[in-house]
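Protein chains in written order, with the numbering used here: chain A, 1 to 301; chain B, 1001 to 1412.
To be clear, the hints were calculated from the coordinates, so they are not data collected in a lab.
It cannot be assumed that every hint is accurate.
[Unchecked claim] What the simulated footprint calls covered on chain B by chain A, stretch by stretch (three residues with Cβ under 8 Å from a Cβ of chain A suffice, anywhere in the stretch; the number is not a length):
{"hint": "1", "region": "1062-1069"}
{"hint": "2", "region": "1086-1100"}
{"hint": "3", "region": "1105-1111"}
{"hint": "4", "region": "1233-1246"}
{"hint": "5", "region": "1313-1322"}
All of these numbers come straight from a predicted model, not from anything done at the bench.
Just so it is clear, CB atoms sit at the ideal spot from N, CA and C, and this is done for glycine as well.
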Amino acid sequence: MSKEKIKISEAMWDFMPPEYQDMVDRATYGNNQRSWKDIGSSKELIEQHSLCAGCPESIAFRYILASLPNPEDTVMVGSTGCTSLVFPHVAIQNIHSLFGNQNAIASGLKRALKVRFPDKIKDVVVLAGDGATVDIGLDMTMQSWFRGEMFTTICFDNELYANTGGQESGLMQKGFVSKMAPVGKLFEKVRLPEIAFESGCHYVACLTVSKPNRVEKVIRNAVLVAREFGPTYVQLYTPCILEIGKQSMEGLDEMKDAEAIGQRFVAKEYMTDNVKAFLKEQDAKDKAAKKAAKAAAAAAK
Amino acid sequence: MNKKVDFENRRILGSKHLKIGETSRYHKDQVYTDPHEIFFEAETKPSFVTGSEVIRDALKRASLDCFVAYPITPQSEAAALVGELFAEGYLGEYFRGESEFAVMGQCAGASFGGARTSTTTAGPGTMRAMENFPMWAGSRLPIQITVTCRGINSPLSIQPDTLEIYYLLETGMMVWHAESAQDLFDFILKGIIVAEQPDVHVPIAVCCDGFFVTHTKDTVNLPPEHMVLPPYDPYRSPVPCMDMECPPVRMMRDPFIMKSNYIHYATHASWQQEVHAAVDRSRKHANAILDGLIETENLDCEILLVSSGTAVSQGREAIRLLGKEGIDVGLVKIKTLRPFPKEEVLEATKNAKHIIVPEFNVTGWMAREIKSIIPNNERVMEGPHVCGGMTMPSEVIVEEIKKHLGLAKKSD
């Protein structure tokens, strides 16, 4: 969708709600330099969130939306869970249908958009929790990777079923005591990043959302690689502070602890050699574009 | 009763899409044709084909953007034949999903993205996919699904049985039941046109009895292969297409509303009512395009046989046999189960003293449907029922009717 499509008739401008005017004037649609740094100064693509105060998912959501390289032609697919409470506030078309079928929906959607718009880039991005991605939807998650479906899957890993009240999930760490794991979880945290790479994902990243720069980089990488090569997977640790007994202000510390050396969320990336070369080239292009933009800005002054 | 629409008015069903007369985007030998012309004016050619081949032949003329396949007897052959169509360039996209639950999700994704989408399933596949069907309806996705009915019980059975249709009835989809291969061909193409009407825009399940229809050969009159339906126009949909080509007025197709307050309950309630009202609004289109939601013969008879699917075909022969013995029996064939032709059935059965409802399932859901809408419903004889793959010889229907009338000994 071109930004032209959301232009408001001049005669109607004064009557439009300020949120809509903001969307036209200050959203980052069509800005290829958009980044997480726009948060707080531009109109964000997420109006508000209805998550718990201090929930790391809420900031992860904002980073992701600020990092999408092509939001004006991106459709997101969600699933049931905490994320589905936020999606109604997101200024990108998105689909919620059932619990766990997000990668099936995205497979059909991406193929339909390719058939309908063969000459246009239409990105599809799945964003779902770990219950949807790894438990109830694992079959569809992995089958979409086996088939080489060209979209990005992002998993908000909070290591439990948050929205239903903190039950055990496949991504929960072994030994953690929770609802439905009354004597502690008896098996290891599922190693989905490794499984993803073995299953055909061309780019895989696993990290916390403590560092926005890193989140932006992997989201951008994942979307660009999905366009050119095939499936990509990003797993983000977004702890459920409510269910692990933390305070609202403790989310960041929890993530920093979890990514420390030797801990389970040390940042990791897997990619094929082709993807490595592609991303290197992409980095060089991005740097050149940024330099050119800076020079242009300086000249304009 | 729904007002009959005259022949000329059927043209309202024809898309006003500008593409009529243009070459299909998928196959250079096909031309987008007014559905009115395909259904009512084109010269047809009789072909001797199986029901599976008929599914292929219908979808070949459907300007289909996407078909998702999965093997389950007895629809596997049809789904594979559609794959051959894809290889020959007759449709936009075709792939195999990993389970019926996933396939219905993939169909939903394609339809959300503005593609005319179709699939086929059967029996346990229908049941595995079931969670998707109310989602399709609630999301107003006009997906066409052909259901080739078979047993769903354990022990495992692949044989014909129509019990699964009963589970589809309250999903919010249109449900039509084909009697023959000709019906199957017509219902698939006509169903797509009705399902995509902006005031309807809900999914359609075209059901047929597995094996009896899918695996037997029958003569079917087919319009020329170069005539294809005009393409689906997703921007005529009553809800936004999820392709980021609409201004971001409403971003979610199904706003996630699950707070516990009255406004949210009311929102859900009104949407559910709207989905079922949309199915109801399909009557006027289906009435015209199917030449009525029911087909009748000899309604002045005291005995009427009322059913759908191949039970009607067996009934037709039973009626002929009874006629030879001087027992006159009329016929009501129900084509659309949702919307159910309530007014039509009421009118057709008003003078009948005995209403016989033969069915290919153990519970007799069709008899219950009929009993629930007609006065003096003790007139309904529930049965004969066969299930588990049994056939229903016309002689069985004859005997049951004679027993019911006291014309044959119970021990016969």
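Checked hints:
1. 1062-1069: This one holds; 3 residues, not fewer than the three required, reach chain A with a Cβ under 8 Å.
2. 1086-1100: holds (count 6)
3. 1105-1111: holds (count 7)
4. 1233-1246: Since three or more residues must qualify, the claim that chain A covers the region 1233-1246 of chain B holds, with 6 doing so at under 8 Å.
5. 1313-1322: It is violated: at least three residues are needed, and the region 1313-1322 of chain B offers just 0 whose Cβ sits closer than 8 Å to chain A.
Hint compliance for this structure: hint 5 alone is broken.
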